[in-house]
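Q: Listed below are the residues making up each chain.
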Amino acid sequence: MADITSLSSAVAGLIHDGDKVAMEGFTHLIPHAAGHEIIRQGKKDLTLIRMTPDLIYDQMIGMGCAKKLIFSWGGNPGVGSLHRFRDAVENAWPRPLEIEEHSHADMACAYDAGAAGLPLAILRAHRGTDLPKYNATIREITCPFTGETLVAVPSLRPDVAVIHAQQADRKGNVLIWGISGVQKEAVLAAKRAIVTVEEIVDKVAPRANSVILPHWVVSAVCPVPGGAFPSYALGYSTRGNDFYKRWDAIARDRDSFAKWMTRHVLETKDFAEHTASLSEPAHV
Amino acid sequence: MADITSLSSAVAGLIHDGDKVAMEGFTHLIPHAAGHEIIRQGKKDLTLIRMTPDLIYDQMIGMGCAKKLIFSWGGNPGVGSLHRFRDAVENAWPRPLEIEEHSHADMACAYDAGAAGLPLAILRAHRGTDLPKYNATIREITCPFTGETLVAVPSLRPDVAVIHAQQADRKGNVLIWGISGVQKEAVLAAKRAIVTVEEIVDKVAPRANSVILPHWVVSAVCPVPGGAFPSYALGYSTRGNDFYKRWDAIARDRDSFAKWMTRHVLETKDFAEHTASLSEPAHV
Amino acid sequence: MSELYDPEEMMTIAAARALSDGDVCFVGIGLPSTAANLARLTKAPDVVLIYESGCIGAKPDILPLSIGDSELVETADVVVSVPEIFRYWLQGGKVDVGFLGAAQLDRYGNINTTIVGDYNAPKVRLPGAGGAPEIATNSKQVFITLKQSTRTFVDKPDFITSAGYLTGGDARARLNVPGRGPTQVFSDLGILQPDPVTKELTMTSLHPGVTPEQAIAATGWPLKIHPQATVTPAPTEIELQTLRDMKARAAQAHSRSNLRAS
Amino acid sequence: MSELYDPEEMMTIAAARALSDGDVCFVGIGLPSTAANLARLTKAPDVVLIYESGCIGAKPDILPLSIGDSELVETADVVVSVPEIFRYWLQGGKVDVGFLGAAQLDRYGNINTTIVGDYNAPKVRLPGAGGAPEIATNSKQVFITLKQSTRTFVDKPDFITSAGYLTGGDARARLNVPGRGPTQVFSDLGILQPDPVTKELTMTSLHPGVTPEQAIAATGWPLKIHPQATVTPAPTEIELQTLRDMKARAAQAHSRSNLRAS
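Residue numbers (our numbering), protein chains in the order written: chain A, 447 to 730; chain B, 447 to 730; chain C, 8 to 269; chain D, 8 to 269.
With the rest of the complex left out, here is chain A (with noise of 0.2 Å):
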C-alpha cells in the first residue's frame, strides 16, 4: 500500500544521489513539483531519464542535478531550444553532462520492456541514420524465423519513477486521464515510484482514456495541486503555453536563469509558493 505523504519526505526518503530517476509526462502531467523538490534538497549525480526532457529538465540540468541524460528529444515544444541543456551539452555548464541517446520509438520500447521484466525490447528502427554509431546501447539482432535484423535495446528500469497525475484513493490508487503517455510504462518499471497527484478522492473510477496503477505498485502519493505547472492536468488546468514561451527568454542567460532559479525555487518552500511568486510584478 501507498504512503500518503508530503513531497518534500518523498523525496528525502525516496530519490537517493546517483539513482536513475525517470520523470516522465508527455507535455501533460508534466511532474514539475517533484522536480522543484529535488532541486531544492539539492540531489547530485542522477541519471535522468525522459522521453521528452524540457522545462523540468532544463532547470535541473542547469541547477547541476545530473551527471547523465537519457532521452529521446530535449526541446521546448513549440518555442525551440532547452538553453541549459544545451549549455551543458556544448559548454559542460555548469558540469559536464553524458548523454545516451535514443529515438522515440526505441525509448517507448525499452520502457515496455522494462515494464514487461525482460532485459530487451526489439523494434524495426534506426536503418539508415547515424545515431547508432555514437550510442552503444542500440544493437542489431537478427529474428531467428525470418533472418531479418532488427534493433535491440536495453529495457530501462529506473530506480525510481516519478508522475504527476490527476487523482489517488486514500489507499494510493493513482488514476490518470487523457495522454498517458510512457507514465504507466515508467512505474512498473522502476524500482520505486512517487505520484503526485491534483487531489485525494474516496474512489478512483477508470474513464475514457484512463489508466488506473493499484495502489501496491507506487510507493508515495503526494497531494500537489497544480504540480505540473507549465505543464497541465486534464480537467484541473490547462497548459501554460505562455510560460513556456517566457521561459526562452529566462534560461538563455545563466545569470537571469540562476536570479530566476534562486528566488522562484530555492527562495520559495514549496510548489505552492513556488506558484504565487510567479504572480509577483517583478516575474517576466
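Just so you know, these hints were derived from the structure itself, not from any lab. Some hints could be false.
Below, simulated DMTMM-like cross-link-like pairs (lysine to aspartate or glutamate); rule was C-alpha separation at most 25 Å, straight line [stated by the list, open to error]: (1) K649(B) <-> D465(B); (2) K163(C) <-> E536(B); (3) K514(B) <-> D177(C); (4) K490(B) <-> D688(B); (5) K490(A) <-> E713(A); (6) K617(B) <-> D449(B); (7) K691(A) <-> D202(D); (8) K705(B) <-> D688(B); (9) K617(A) <-> D53(C); (10) K147(D) <-> D449(B); (11) K513(B) <-> D125(C); (12) K130(C) <-> D694(B); (13) K147(C) <-> D177(C).
Computed footprint of chain A on chain D, listed as stretches where at least three residues anywhere in the stretch have a Cβ under 8 Å from a Cβ of chain A [what the hints assert, rightly or not]: (14) 48-57; (15) 98-105; (16) 160-170.
Quantities reported herein were computed from a predicted structural model and do not represent experimental measurements. Where is the CB? At the ideal position from N, CA and C, for every residue including glycine.
Based on the hints, put chains B, C and D in the right spot on chain A.
A: For chains B, C and D alone, coordinates are given in the frame of chain A:
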C-alpha cells in the same frame, strides 16, 4: 472506411477456403454468430487461430471446417472437455486436425508482435516444460546485453480476424468495453477484419476499460444482436453458463452433435433463427 | 456443525488460509478461484486477485464459472488486455502467488494439463497449457490445489506442462527458472510441501481423520510423511459458512438459463 | 486578396493540398501540423491525424503548440499510450503519410535535427530525433516541409537523424529500409520531388513569382530544376482565409497566461 453489411456477405467476401482465421474473444464477446455463418457457407481447410477455442471452435472442428488449430487452451471453461476437438485430435474425426500448441503468454505476445508489425515476439517462457519439444515454432534467442536465453515465437498475422463488439458507429468505428482480451491485437495483426456488433449507434464514445478500433482498420461491420451467445456482451447480455453446461452432453456424441448442428445451425438461415430455435421444447 | 464438512471443503479452506492479506494472487479458475475468494472474504480482505482475462483486483460476489464472467469485470479495480496481463503484470514480476489446479502432479510439483498417453497419439487430450506454464515460473511462489488419488498424484506424468522442481534438488535453479516454484500443495487429504533439499513433495499436514496410510494409498509415488506432520485445524464455523454461501450463490446464478429474448 | 500572401502561407497551403481525403497521417508539430489541419479543414475532411502523444483522429480547432495540447485529446477518436502509438500504429504499418519538418535537409531527403558540428563537440545542439527516424521509415511515404535556404538545404548535413534516400539511387532499398521515403518536399519557394532514378530532390514546381535562380541561390547543393517544372497555383481565397483563421485562433489561445489561481 468499413462496409456496414450483412454477416453472410462479409463471410462470403472476406473469408476464403484455406485462410488463417483468428476468431478471438476471451470468454466475453466470442463471435458465435460468425462461426455459424462460416459453417453454413461450408468454408474448408481453415487454419483456426485462437487462444481459448471453446464451443464455437468445437462446432467448426466437428463440422470439418478446420485443417489446423493454433491454440493455447482448448476446453469448455468451468465445465470440461471440448468433445469434438478431442474426437478430432484423438480419432481424426471428421477429419485429421493438425495442432500447433502454445501457452497463453507466448500466444498473447505473438498477437502483440503481429499488431506491432514485428516478425517475432520475445518473452520469458516455457522453461522446464515439454511443449517446445512438440512445437518447433517455439525457439530460443539470446539477449545481446545480458546473455539471458529467452523464448522467441513467430508473430501471428492472420488473413482474417473475426470479433464481436458492443457497438459501431455509421462509419464503422468499433467500441468494445469490459474484457477485451486480444481482440485489438488480432484485428491490427490481420489483413482483414470482420466485426459483428450488438448495435449501430450514432456515436461511439470511449469509456472505462474500453477499446476503440477506428473504421479504417476494419473491413466489415455486421449488426448481429446477441451474436456472441452463449458468450456475452457486457451491457447487453449475460453469459449463457447454462448452455455451456448443456453443450457437454450435446457434443459428447457424434450423432447428437450432428442432429443439433443440422437443426440449430444448418437449418436456420441466420443467428436470430438459431437463437429462436434454441427455445424449442425439442432442444435440451 | 464444523464437524460436518466434506474433504473438498477442507481442501479449499486449507488453501484459503495460506494466502496472506495484501498478497497479489494470479488465480486460475475453479478450486484456486474458490480458495482465493474464500481468503478474501475471511482472513485476507486485501488480497489482490488477478485473473488472466485481464481483471485486476476483482472482488466477485458470485464465484465465476469462467475467467471472464462479467462479475469479475464489474468488481475489478481495472481491466487490461490479455497481452498486458501476461507481459506487464505476470512476467513483469508483480505477482506474489500463482494459484493453480492440475490434472496430474508429480513428486516434484511438475504439472500435466496437456495429455494422457503419447502427445502425437493421445489417450486423453486435455485442454492444454493456458496461462499455467508462465504462472508457474513468473510468480514469486506457487500454490497448487488438487484432489489426491493415484490418478492425479502420479509417479511419472506423460507431459510436463508447467514446471515445478523438475527433477528435484537444484534442477529448477540450474535451468534458471525464475520464481521459487510450488511451496504448498493442498489436497483433500492434507498439505504437501517440498523438502528443503530434495524438493520432493512431502506430507506436512494431514486433514482431521486422515491417516498416513490413506494418503500413501492415494499417491502414485512412495509418499513421504513428514515425521512432525501436523493435523490441519478443522474448518471454523465462519470458514465453512462463508464457503457454502459462496457456492450456493454460484450454483444458483450459473444454472439460470441465459437465453436472450431477441 | 489572394494576391496578398506570404511565402510561408504558400508553403503550408501547397503541403496541405498534397494530402488526400482518408489518408492516415502521422503529424509532427509545427508546420506539418498546421498543413495537415488546413487539409482537414479544406479539401480532406476525413484525413486521419495521428500525433505521437497518442492522439488518434484528432481534429483540433485550435492549432496545438505542443503535440500534447488538451485540444488534441478532447477532439481525438481515442488516445493510446506512447509505446502503443509507435508499436501498433506506426511500426504496425497503419500510417500512409509521415509529415515531418527538419532543421537540415540534403539532396536525398535525409534529415538532420540532431547536431550542427561534431557530435561530441557540437557547435549547436539541436533537440534530436524524437519520433522522426521511425516516422521516416515506417510510414508508407513521407512529406517534408521546410523553409528553403543555404542553411537548411545543405550539401552535407553533419548528422543523418532520419533517413531519406541516403546516398541516392537504390541505397534505401539496399539497406532494406521500409516505406517509400520522402515523395514531396514543400518549401517557401516551391515543391521538390525525388528523381525517379537518382532520387535526387528536384524542383518540380515553383511558387508564383519565384525564379529558378532564387531557388538555386537558396540551396546548398547544385539544385536541379525540372525541365517541365510548373508554377504552383496561388492560394485560393478559402485556403488563405482558413489558414489565417486557424493561426489567429492559435495565437490568441497560446498567449493567454495560464497561471492557476491556487
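Q: Determine for every hint whether it applies to the structure shown.
A: Hints and how they fare:
1. For the given pair, K649(B) sits about 33 Å from D465(B) by alpha-carbon distance, which is inconsistent with the 25 Å threshold.
2. Pair hint K163(C) plus E536(B) holds up; C-alpha atoms about 22 Å apart against a cutoff of 25 Å.
3. Taking the CA atoms of K514(B) and D177(C), the gap is near 39 Å; set against the 25 Å cutoff, the hint is violated.
4. Simply put, K490(B) and D688(B) have alpha-carbon atoms about 30 Å apart, too far for the 25 Å limit, and the pair is violated.
5. Restraint check for K490(A) and E713(A): the C-alpha separation of about 19 Å stays at or below 25 Å, so the hint holds.
6. Using a Cα cut-off of 25 Å, the hinted pair K617(B) and D449(B) holds, with the two alpha carbons roughly 8 Å apart.
7. Pair hint K691(A) plus D202(D) does not hold up; C-alpha atoms about 40 Å apart against a cutoff of 25 Å.
8. Between the alpha carbons of K705(B) and D688(B) the distance comes to roughly 20 Å, so the proposed pair stays at or under 25 Å and holds.
9. Distance hint between K617(A) and D53(C) is fulfilled; the C-alpha atoms sit about 11 Å from each other, no more than 25 Å.
10. Using a Cα cut-off of 25 Å, the hinted pair K147(D) and D449(B) holds, with the two alpha carbons roughly 24 Å apart.
11. Straight-line distance between C-alpha atoms of K513(B) and D125(C) comes to about 21 Å, which keeps the hinted pair within the 25 Å bound.
12. Taken as a hint, the K130(C) and D694(B) pair is honoured in the structure, with Cα atoms around 19 Å apart against an allowance of 25 Å.
13. Note on K147(C) and D177(C): the hinted pairing holds, with a Cα-Cα distance of about 17 Å set against a maximum of 25 Å.
14. Given as covered by chain A, the stretch 48-57 of chain D fails the check, having 0 residues with a CB less than 8 Å from a CB of that chain where 3 are the minimum.
15. Evaluation of the coverage hint for the stretch 98-105 of chain D: breached, as 1 residues show C-beta separations to chain A shorter than 8 Å, against a requirement of three.
16. Counting residues of the stretch 160-170 of chain D whose C-beta lies closer than 8 Å to any C-beta of chain A gives 5; at least three are required, and the coverage claim holds.
When the structure is compared with the earlier hints, violations turn up for hints 1, 3, 4, 7, 14 and 15 and for no others.
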